[in-house]
Every structure is written in C-alpha cells, then in structure tokens.
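Asks: So the sequence lines, in the order shown, correspond to chains A and B.
One gets the working numbering by counting positions in the first sequence from 1 and adding 10 to each.
One gets the working numbering by counting positions in the second sequence from 1 and adding 10 to each.
Please note: incorrect hints may appear among the correct ones.
[To be verified] So the derived label-pair ranges between C-beta atoms look like this: (1) A:Tyr170 / B:Ser39: 33 to 41 angstroms; (2) A:Gly125 / B:Tyr170: 39 to 47 angstroms; (3) A:Glu124 / B:Val33: 53 to 61 angstroms; (4) B:Glu184 / A:Gly86: 44 to 52 angstroms; (5) A:Glu104 / B:Asp58: 25 to 33 angstroms; (6) A:Glu124 / B:Leu103: 53 to 61 angstroms; (7) B:Glu184 / A:Gly187: 51 to 59 angstroms; (8) A:Ser199 / B:Pro85: 49 to 57 angstroms; (9) A:Glu154 / B:Asp169: 38 to 46 angstroms; (10) B:Lys56 / A:Gly86: 35 to 43 angstroms.
None of these hints come from the bench; they were simulated from the model.
These numbers come from a predicted model, not from an experiment.
Don't be surprised by glycine CBs; every beta carbon is placed ideally from N, CA and C.
2 protein chains.
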Amino acid sequence: MDTPFANDLIFPQGIPSKYDNYVIRKLSSLRGQFNNLQAYEQMLAKEDTVIYEVYEVKRPEIPGELLHGVSIIHPGKVGNEFFMTKGHFHATLETAEVYYGLKGQGMLVLELPEGDWAVEEMRPGRVVYIPPRWAHRTVNTGQEDLAFLAVYPANAGHDYGTIEDQGFRKLVVEENGQIRVVDNPHWHSPDQRS
Amino acid sequence: MDTPFANDLIFPQGIPSKYDNYVIRKLSSLRGQFNNLQAYEQMLAKEDTVIYEVYEVKRPEIPGELLHGVSIIHPGKVGNEFFMTKGHFHATLETAEVYYGLKGQGMLVLELPEGDWAVEEMRPGRVVYIPPRWAHRTVNTGQEDLAFLAVYPANAGHDYGTIEDQGFRKLVVEENGQIRVVDNPHWHSPDQRS
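Only chain A is shown next, with the shape it has when bound in the complex (with noise of 0.2 angstroms):
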C-alpha cells in the first residue's frame, strides 16, 4: 500500500481495526526465559496460557519506512514473576523505537550488548523512547492488560536468539506485595555465550 491509510485502535486495549499480522504468545514459546523452572513447567502442565498477543501492520522492510503496532500483555505471574515479553535486540542493531502507553501498568526491561542495562515504567500516555541497540522487554506489572503502541524503523529486524541464549540482567517480580527489579541468576554476559 503506497497510499497514507488510517488505523483507529479499539479500545479498551487499543486493538488496531486493520492488520496484516497477528502474534500470539503462550506459555511455551517462553521457555527458557521465566527464572522459576518449577513454577513454569507445573503452570504448563496445567494451561499453555496466553501470555500476549502482538497486531503488526505491514510495510516494506527498507529504510525511512515505520512499521507499527499494538502489544497486549495479559496480566499475571510465573512464580513471583511478571508476564513478560520473549524481549529482543533489533537485527539492525542501530534503530530506535518508540512505545506509547494505551492501557496498563507495566516496566520496559532494556539493555545493551555490553550489559548495561534500565528500567522505565509504562503507563497509559507515556512514551518511552528506546535508543539504537538497546534490546528490550516489556513486563506486565498491573492487575489488568498492558497495551502499547509500537513505531519503529521498518528495517529493524528482530534478533530474539541472543536474549533466548543470555536471559536479560534484571527480572520484574513481586517480593511482599512489591514490585522489584533483581538480578537475573541465570544471566550470563555476552563474553560468556555458549
């Protein structure tokens, strides 16, 4: 579609009304990637439960073109922690993107090849930028969906093997009715990749 198009979001969640492509994560797809292996493999056993669903609206994959869509993160916990996204680097590493908050409380988990790493909350009418090379996951924190608007460069690409290989630093828990940032036991740093 070379044309300008329009895409009204259907809110509550802000389900786009038009999109070529539709994600859904369960359970399984995350293997892996929860710290707590019993907690996952029992709630497994149990549901493969829909962790979240991604609406992607195409276009070329080229430079000065944006790709754009909406995330719902689905609210609840894998032992003592968050819902979350599997979290990727972008293939082309040195592209942005920018989310904006739709519906939800959540935490976007970022971090750089070299491991440094941060935090920045979501909410509803927040944007948070997301410079080149920082991988990024998105952690459902609230009670209720978490629903964002993505936009970035179309020729980003995904790179979701590195994070499945090391893990991010830092995990999004519940620790007494808190919700803190921890280290990750299972992380290990790029120079220590199988």
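Given the structure of chain A, go ahead and fit chain B onto it with the hints provided.
Replies: Quick look at chain B alone, frame taken from chain A:
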C-alpha cells in the same frame, strides 16, 4: 542522551512533560498559505493569532534514530478555511511518518511531488500512516484543539519551501456548515514552479 527515557504527555492536549524545542506558529508565519487573502490581512491587522504549537524531542538526526513530538493546532478559520499547519515534504523524501491522534478532530491533507493527493481524518485513538514521499499538512476542523503525537525518522528533515511556493492542491473549508475538501485555486503543479 543515549539512555532510554520516558516522556509523559500531559492531557487534555498531550503536551510532553519534557521537550527540547518549542515552535510557535502565528498567523504572520502562514502568509500566502490561506486562500482568502483579504480575510487573512484583515485578521492579521487585528492580532497575530497563534495558529499552532509544536513540542519536539531532539535526537541525533541520523538514520535509525526517531524523532517524536506533539503538535497542537488551535480551532479557528481564516475566511472559510480552517486553521492548519504550514505543511511540508521531508527533505529526505523517502521517509515516512506516523501520527497518533490525542485530542480533537481534523484532517490530514497529503500530496505527492507528482500532484496525487489524499485526505485522512484525524481523531483521538487513530493512527495515520504517511508513506515516504507524501507532503503533509494538518487541519483543525473542530471546535477544540487538535493534538497528535508524531514519530518520524530522525534524518527526515523538513522542506517547507516547496509548499510555500506551490501550496497544497486541496483546501479544507467550511461551506454551509459542512467540512469540505475543495480545489486550491492558487495551487500550481510542480512543473509550473517559479
């Protein structure tokens, strides 16, 4: 700033809590853009009214980075033509833009260098995709502020001169209480450029 950052939009209009650049466009800066020259001069003689304001967040202007900002167009008319932005092509023509409506009602008027045109409605919760190469102008057709979030490649740049010279092919006016898109009698095609 090379670390992630967040930017709460302050409603009702969605003014960013942090911004690096504030642009205010008064009636005098839109000379030659409104069709009714007499109405324009009469209005300007009374007051150099604020037509629109833009709050921009700076990033390095290189491919892969994104810029974002919020534009607020006030309600009003010059003659029967609604208040609007100057409108521009991107200096790097092959770059897209994403708008997200925050408040109010409006129209996005678009045009290719070859003269093809398009119009998209703007309203809260609506994403509008401006593909590469399309000039864009936003028009407030409502009774309150029109506000939207814009995200675009940081290397896009702005070419205001082409529109200042040739105008947009279409105007958005009120006729008998109706919002209408009509031909701009002052428009001239690119091959008639002075």
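Asks: Does each hint hold? Answer for all of them.
Replies: Hints, one by one, checked against the model:
{"no.": "1", "hint": "A:Tyr170 / B:Ser39: 33 to 41 angstroms", "in the structure": "violated (48 angstroms)"}
{"no.": "2", "hint": "A:Gly125 / B:Tyr170: 39 to 47 angstroms", "in the structure": "holds (44 angstroms)"}
{"no.": "3", "hint": "A:Glu124 / B:Val33: 53 to 61 angstroms", "in the structure": "violated (36 angstroms)"}
{"no.": "4", "hint": "B:Glu184 / A:Gly86: 44 to 52 angstroms", "in the structure": "holds (51 angstroms)"}
{"no.": "5", "hint": "A:Glu104 / B:Asp58: 25 to 33 angstroms", "in the structure": "violated (43 angstroms)"}
{"no.": "6", "hint": "A:Glu124 / B:Leu103: 53 to 61 angstroms", "in the structure": "violated (36 angstroms)"}
{"no.": "7", "hint": "B:Glu184 / A:Gly187: 51 to 59 angstroms", "in the structure": "holds (56 angstroms)"}
{"no.": "8", "hint": "A:Ser199 / B:Pro85: 49 to 57 angstroms", "in the structure": "holds (55 angstroms)"}
{"no.": "9", "hint": "A:Glu154 / B:Asp169: 38 to 46 angstroms", "in the structure": "holds (44 angstroms)"}
{"no.": "10", "hint": "B:Lys56 / A:Gly86: 35 to 43 angstroms", "in the structure": "violated (60 angstroms)"}
Comparing the model with each numbered hint stated earlier shows that hints 1, 3, 5, 6, 10 do not hold.
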